[in-house]
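Student: For reference, the chains in residue letters:
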Amino acid sequence: MTAALTLEALSKRYGDFQAVRDLSFQVEQGTICGFLGPNGAGKTSTIRMILGLQSATSGQIDILGADDGRKVRDRIGFLPEERGLYKKMTPVDAIAFFGSLKGVPTGEGRRRAREMLDTQGLGESKSKKMKDLSKGMAQKVQLIASVVHRPEFVILDEPFSGLDPVNQQGLEAVIRGLAANGATVLFSTHVMQHAERLCDKVVLLARGRKAFEGTVTEARATSPRFLELEGVIDAEAVAKLPGVTGVEVAAEADGVRTLKAALGPRAGGQEALKAAFLGGLDVRRFDLREPSLHDAFIALTGDHPDTDQTATRAADAEAAR
Amino acid sequence: MNRVLLIARREYLAYARTVGFWLSLLAFPLFAVLGGGFSVLVRHAEPVRSIALIQEAGAGPAAGSLAAIVRESIAAEQARGDVSALRRAAIPEAGVAAGDRVRKVAEAEGYDAGLAALKTEAPHAGAGFKRPKQALRVVAAPPAIASAPAGPARDDVIRRYLTDKTPVEGAPLSGVVILSERGGEPAARLWLARASDARVEDAIRDALSDANRRAVFSAAGIDPQVVAATDAWRPDVSVFSPRSATGGEVSFRDRLPGAIGFAFGFLLWSLIITGASILLNSVMEEKANKILEVLLSSASATELLTGKVLGVAMLTLSVLVVWAVLGGVGLATGLPDMARDVASVLLSGGLLVYFLLYMIGGYLMYAVLFAAIGAFCETPRDAQTLMGPIMMVLVVPILVMQMALQNPDAPVVRILSWIPFFTPFLMSARVPSDPPMTEIIGTLFGMFATALLMVWLAGRAFRAGALSDVKLSWKAFARAIRGGGE
Numbered sequence: 001m002t003a004a005l006t007l008e009a010l011s012k013r014y015g016d017f018q019a020v021r022d023l024s025f026q027v028e029q030g031t032i033c034g035f036l037g038p039n040g041a042g043k044t045s046t047i048r049m050i051l052g053l054q055s056a057t058s059g060q061i062d063i064l065g066a067d068d069g070r071k072v073r074d075r076i077g078f079l080p081e082e083r084g085l086y087k088k089m090t091p092v093d094a095i096a097f098f099g100s101l102k103g104v105p106t107g108e109g110r111r112r113a114r115e116m117l118d119t120q121g122l123g124e125s126k127s128k129k130m131k132d133l134s135k136g137m138a139q140k141v142q143l144i145a146s147v148v149h150r151p152e153f154v155i156l157d158e159p160f161s162g163l164d165p166v167n168q169q170g171l172e173a174v175i176r177g178l179a180a181n182g183a184t185v186l187f188s189t190h191v192m193q194h195a196e197r198l199c200d201k202v203v204l205l206a207r208g209r210k211a212f213e214g215t216v217t218e219a220r221a222t223s224p225r226f227l228e229l230e231g232v233i234d235a236e237a238v239a240k241l242p243g244v245t246g247v248e249v250a251a252e253a254d255g256v257r258t259l260k261a262a263l264g265p266r267a268g269g270q271e272a273l274k275a276a277f278l279g280g281l282d283v284r285r286f287d288l289r290e291p292s293l294h295d296a297f298i299a300l301t302g303d304h305p306d307t308d309q310t311a312t313r314a315a316d317a318e319a320a321r
Numbered sequence: 322m323n324r325v326l327l328i329a330r331r332e333y334l335a336y337a338r339t340v341g342f343w344l345s346l347l348a349f350p351l352f353a354v355l356g357g358g359f360s361v362l363v364r365h366a367e368p369v370r371s372i373a374l375i376q377e378a379g380a381g382p383a384a385g386s387l388a389a390i391v392r393e394s395i396a397a398e399q400a401r402g403d404v405s406a407l408r409r410a411a412i413p414e415a416g417v418a419a420g421d422r423v424r425k426v427a428e429a430e431g432y433d434a435g436l437a438a439l440k441t442e443a444p445h446a447g448a449g450f451k452r453p454k455q456a457l458r459v460v461a462a463p464p465a466i467a468s469a470p471a472g473p474a475r476d477d478v479i480r481r482y483l484t485d486k487t488p489v490e491g492a493p494l495s496g497v498v499i500l501s502e503r504g505g506e507p508a509a510r511l512w513l514a515r516a517s518d519a520r521v522e523d524a525i526r527d528a529l530s531d532a533n534r535r536a537v538f539s540a541a542g543i544d545p546q547v548v549a550a551t552d553a554w555r556p557d558v559s560v561f562s563p564r565s566a567t568g569g570e571v572s573f574r575d576r577l578p579g580a581i582g583f584a585f586g587f588l589l590w591s592l593i594i595t596g597a598s599i600l601l602n603s604v605m606e607e608k609a610n611k612i613l614e615v616l617l618s619s620a621s622a623t624e625l626l627t628g629k630v631l632g633v634a635m636l637t638l639s640v641l642v643v644w645a646v647l648g649g650v651g652l653a654t655g656l657p658d659m660a661r662d663v664a665s666v667l668l669s670g671g672l673l674v675y676f677l678l679y680m681i682g683g684y685l686m687y688a689v690l691f692a693a694i695g696a697f698c699e700t701p702r703d704a705q706t707l708m709g710p711i712m713m714v715l716v717v718p719i720l721v722m723q724m725a726l727q728n729p730d731a732p733v734v735r736i737l738s739w740i741p742f743f744t745p746f747l748m749s750a751r752v753p754s755d756p757p758m759t760e761i762i763g764t765l766f767g768m769f770a771t772a773l774l775m776v777w778l779a780g781r782a783f784r785a786g787a788l789s790d791v792k793l794s795w796k797a798f799a800r801a802i803r804g805g806g807e
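Residue numbers (our numbering), protein chains in the order written: chain R, 1 to 321; chain E, 322 to 807.
Calculated directly from the structure, the hints in this document are not laboratory data.
These figures come from a predicted structure and were not determined experimentally.
Honestly, I wouldn't trust all of these hints.
[Stated by the list, open to error] Now the in silico label distances, taken between C-beta atoms and shown as ranges:
no., chain 1, residue 1, chain 2, residue 2, range
1, R, Asp68, E, Ile762, 33 to 43 Å
2, R, Lys129, E, Ala516, 53 to 63 Å
3, E, Ala770, R, Asp68, 28 to 38 Å
4, R, Lys129, E, Gly651, 32 to 42 Å
5, R, Gly162, E, Ala770, 39 to 49 Å
6, R, Gly162, E, Lys796, 27 to 37 Å
7, R, Asp16, E, Trp777, 22 to 32 Å
8, E, Asn728, R, Lys129, 34 to 44 Å
9, R, Thr217, E, Ala799, 44 to 54 Å
10, E, Ala799, R, Asp67, 40 to 50 Å
11, R, Val256, E, Lys796, 25 to 35 Å
12, E, Ile762, R, Arg209, 35 to 45 Å
13, R, Gly65, E, Ala770, 35 to 45 Å
14, E, Ala770, R, Ala173, 49 to 59 Å
[Unchecked claim] Dumping the calculated DSS-like pairs for lysine-lysine here, alpha-carbon to alpha-carbon at most 27 Å:
no., chain 1, residue 1, chain 2, residue 2
15, R, Lys135, E, Lys440
16, R, Lys128, R, Lys87
17, R, Lys71, R, Lys88
18, E, Lys611, R, Lys88
19, E, Lys611, R, Lys128
20, E, Lys611, R, Lys129
21, E, Lys611, R, Lys131
22, E, Lys440, E, Lys451
23, R, Lys88, R, Lys135
24, R, Lys126, E, Lys440
Built from N, CA and C at the ideal position, the CB exists for glycine as well.
My request is simple: use the sequences and hints to build the entire structure.
Tutor: Printed below as a string of structure tokens:
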């Protein structure tokens, strides 16, 4: 499969601060790639370098055959993390304007805008001003504005942030639709569940470095399966069960604990359960759980994806700038 | 349509479609008309004040009755007003020399002869001339006041007349003047219907000064008529200059360039600051609404900056064209001859081209600077850090331009004209007065070189600011320029 995007040893430094370090990965044409990492991990800096909004300190970028995103900007659609549109414009005018900047004639842009707004259930808001739309509606309009020119490559920076669950589902459908129509989609997020449901491939980023590149299944495989045990049980006793490599107390209330017992690579879990019952442990509920992408992220990076690294890293970056 | 034009069009329409834009567009000419009209209205609406004169028994300078002198003095003041109005009316149409000729006739032969002279010298002005309204009218004191014994009793009668507004010769009294002599010098007590009416007081002070002068000269053996004639005399001065339009006598048209230059300099200052401020607010709005990053993914920073600068330039130009058309039509209708002179000044010596060049250079310098500042700001408070010092510097050309109106070649004006940030305003004020070509070319070169440098520097700062969250300061601004957006 041909790569729509290739990054090779990409680095970005702001003064003394290293925002992105030796980042290399590929995104194949027509696939959905999740670019995952906590806030402040370097995702936005990478995206800006891909788009040509900022130059890389070192490394190579190849996007749609060009070495600079600016050279193929008409073939790229971009939804930034911080979103906004002209408050006094109508959705149709705003979408047509951004489409025109990407080479879509204004008349055609307006036609497409009306069509896409209808599809997204915003038909009745077409002639309202942007300032009169709800946040969810405005975000949909901005997404439409970023893809109205039918781009070959779509970059969405934290597209799910600020959306309610219903709109998040709608956005997932839009992303699938884009890929189904042949577009390559790279979206960044720190919420692993979206990536789990959508992505053909994920790239995990932590503290400016790539921690993993591969499919969701491959990512999960890097993390152990685990037994979830609930009862009046002692963590040390669980740790001694066969196949268990580590124990973590997930919850505790009124003497009843929920323990997560990580299993070794070849452990099936049955031996551990059998030993627990034979050993007389007061297990009231048990569950054998496959690792999630969230678990994989923690296993791979040692960081929690919901931990905001912005406070530490971005503040350093701005200070360095 | 390319991106620059698309951005320019959006920028233009975003403002041109607002009610506020049209209000501000029409506000200037409207207020100019209202301001002018209001002062005329006030002048015309001012009532003729009726005053009664009472002379205390025994008072009066040796030259004659003090009341008669005051009456004469008020009449003479009215006549001087007529003469001055006749002269002023003649100048725009027929020039300063013609105005002086009309003045002489009016002084020597009276108002009617002066009006006839005006009609000869300046037919348009003469046909439409209206005699200035009489400010003061001296009426005979009502018998009740005149016959009342001096002192509190008479004051009571006067007070009643002024309070009741009892008509005297068809109008209520504005004041009663009791003339007297204290220590051999003319004096007066004024009773006024309105305590704040300074007009009557001023007129009486002038009249008493006149009376005193006559008395003093008379005591020195000088005929009062000689004194009056000496006071009324005006020198007949003709001004010639090789740089006048005719190469000889200086006319009103020759004095127009200075005024036009000042007007253009001021207009340019207003338009440039307005345009640059619109740009600052526009970029600030895009920054605050998180639109800049999307725009930068769709167009280069240069295209974006150029488009925005162009859009606001078109907006500013629209304002200028509307003002010029309104002003031109107004002038051509009201003062056709002055309009002809203004047009001839503007069309001579490539003046309009110079104005256009100074406008382009000035606008470029300030517009890109303000846009770059806007890229770092989300609120006007953010922008204050940098805007404060800039606005303080911008006051300088306004002050110096007033100096240029009097003396466009004053050393300080010439020196400051070479500072590129002042060049557009000061040279616009100076260029109608025909400064040396070396100064015109030199300052234009300096201004455009600076404008290009500003475009380059501001472009770097704009790119950096658009994607940055740093708090704006001169240090951050300088660092952004050095870093060029990185």
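Student: Each hint needs a verdict: does it hold in this structure or not?
Tutor: Evaluated hints:
{"no.": "1", "hint": "R:Asp68 - E:Ile762: 33 to 43 Å", "verdict": "41 Å, holds"}
{"no.": "2", "hint": "R:Lys129 - E:Ala516: 53 to 63 Å", "verdict": "56 Å, holds"}
{"no.": "3", "hint": "E:Ala770 - R:Asp68: 28 to 38 Å", "verdict": "31 Å, holds"}
{"no.": "4", "hint": "R:Lys129 - E:Gly651: 32 to 42 Å", "verdict": "37 Å, holds"}
{"no.": "5", "hint": "R:Gly162 - E:Ala770: 39 to 49 Å", "verdict": "48 Å, holds"}
{"no.": "6", "hint": "R:Gly162 - E:Lys796: 27 to 37 Å", "verdict": "33 Å, holds"}
{"no.": "7", "hint": "R:Asp16 - E:Trp777: 22 to 32 Å", "verdict": "27 Å, holds"}
{"no.": "8", "hint": "E:Asn728 - R:Lys129: 34 to 44 Å", "verdict": "54 Å, violated"}
{"no.": "9", "hint": "R:Thr217 - E:Ala799: 44 to 54 Å", "verdict": "51 Å, holds"}
{"no.": "10", "hint": "E:Ala799 - R:Asp67: 40 to 50 Å", "verdict": "31 Å, violated"}
{"no.": "11", "hint": "R:Val256 - E:Lys796: 25 to 35 Å", "verdict": "58 Å, violated"}
{"no.": "12", "hint": "E:Ile762 - R:Arg209: 35 to 45 Å", "verdict": "59 Å, violated"}
{"no.": "13", "hint": "R:Gly65 - E:Ala770: 35 to 45 Å", "verdict": "40 Å, holds"}
{"no.": "14", "hint": "E:Ala770 - R:Ala173: 49 to 59 Å", "verdict": "56 Å, holds"}
{"no.": "15", "hint": "R:Lys135 - E:Lys440", "verdict": "73 Å, violated"}
{"no.": "16", "hint": "R:Lys128 - R:Lys87", "verdict": "10 Å, holds"}
{"no.": "17", "hint": "R:Lys71 - R:Lys88", "verdict": "31 Å, violated"}
{"no.": "18", "hint": "E:Lys611 - R:Lys88", "verdict": "14 Å, holds"}
{"no.": "19", "hint": "E:Lys611 - R:Lys128", "verdict": "20 Å, holds"}
{"no.": "20", "hint": "E:Lys611 - R:Lys129", "verdict": "17 Å, holds"}
{"no.": "21", "hint": "E:Lys611 - R:Lys131", "verdict": "14 Å, holds"}
{"no.": "22", "hint": "E:Lys440 - E:Lys451", "verdict": "12 Å, holds"}
{"no.": "23", "hint": "R:Lys88 - R:Lys135", "verdict": "15 Å, holds"}
{"no.": "24", "hint": "R:Lys126 - E:Lys440", "verdict": "67 Å, violated"}
Against the hints set out earlier in the document, violations occur for numbers 8, 10, 11, 12, 15, 17, 24.
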